[in-house]
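Participant: Sequence:
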Amino acid sequence: MSQITLSDESKERIIKLLDYARTISHYGFIPMILYLGWSSTSNKPNIFNLLSPFPTV
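Using my numbering, the first residue of the sequence shown is number 18, and each one after it goes up by one.
Among the clues, some could well be false.
[As the list claims (entries may be wrong)] What follows is a list of derived Cβ distance ranges for each label pair:
{"#": "1", "residue 1": "N66", "residue 2": "D25", "range": "44 to 54 Å"}
{"#": "2", "residue 1": "K33", "residue 2": "S56", "range": "28 to 38 Å"}
{"#": "3", "residue 1": "N66", "residue 2": "K33", "range": "52 to 62 Å"}
{"#": "4", "residue 1": "I64", "residue 2": "K28", "range": "11 to 21 Å"}
{"#": "5", "residue 1": "P62", "residue 2": "I21", "range": "47 to 57 Å"}
{"#": "6", "residue 1": "Y52", "residue 2": "E26", "range": "33 to 43 Å"}
{"#": "7", "residue 1": "K33", "residue 2": "W55", "range": "26 to 36 Å"}
{"#": "8", "residue 1": "F71", "residue 2": "Y44", "range": "18 to 28 Å"}
{"#": "9", "residue 1": "P72", "residue 2": "S27", "range": "52 to 62 Å"}
Think of the hints as simulated: they come from the structure by calculation, not from any bench. Yeah, the Cβ is synthetic: ideal placement off N, Cα and C, and Gly gets one too.
Turn these sequences into a full structure, and let the hints guide you.
Facilitator: Now the structure itself:
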């Protein structure tokens, strides 16, 4: 079995990439779930009404 030897620069780039991916998934998970739920409904409410704290009549 052969091992791949990475340079320090490559290791730093991989760590940065994983850090960015972790941040994106941390802040994007709930909005993605809300968007998927919104897009799968047949009666799509207005985005402003959906995000507004006031009830619609």
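Participant: Against this structure, judge whether each hint is valid.
Facilitator: Hints, one by one, checked against the model:
Separated by about 52 Å at the C-beta atoms, N66 and D25 satisfy the suggested range of 44 to 54 Å. At about 32 Å, the beta-carbon gap between K33 and S56 stays in the expected band of 28 to 38 Å. The given range of 52 to 62 Å is broken by N66 and K33, whose C-beta atoms sit roughly 40 Å from each other. The given range of 11 to 21 Å is broken by I64 and K28, whose C-beta atoms sit roughly 42 Å from each other.
Between P62 and I21 the Cβ separation comes to about 51 Å, which falls inside the hinted range of 47 to 57 Å. About 37 Å separates the C-beta atoms of Y52 and E26, a value consistent with the hinted range of 33 to 43 Å. Under the hint 26 to 36 Å, the C-beta atoms of K33 and W55, about 32 Å apart, fit the expected range. Between F71 and Y44, the C-beta spacing of about 26 Å keeps the proposed range 18 to 28 Å intact.
The supplied range of 52 to 62 Å is met by P72 and S27, whose beta-carbon atoms lie about 54 Å from each other.
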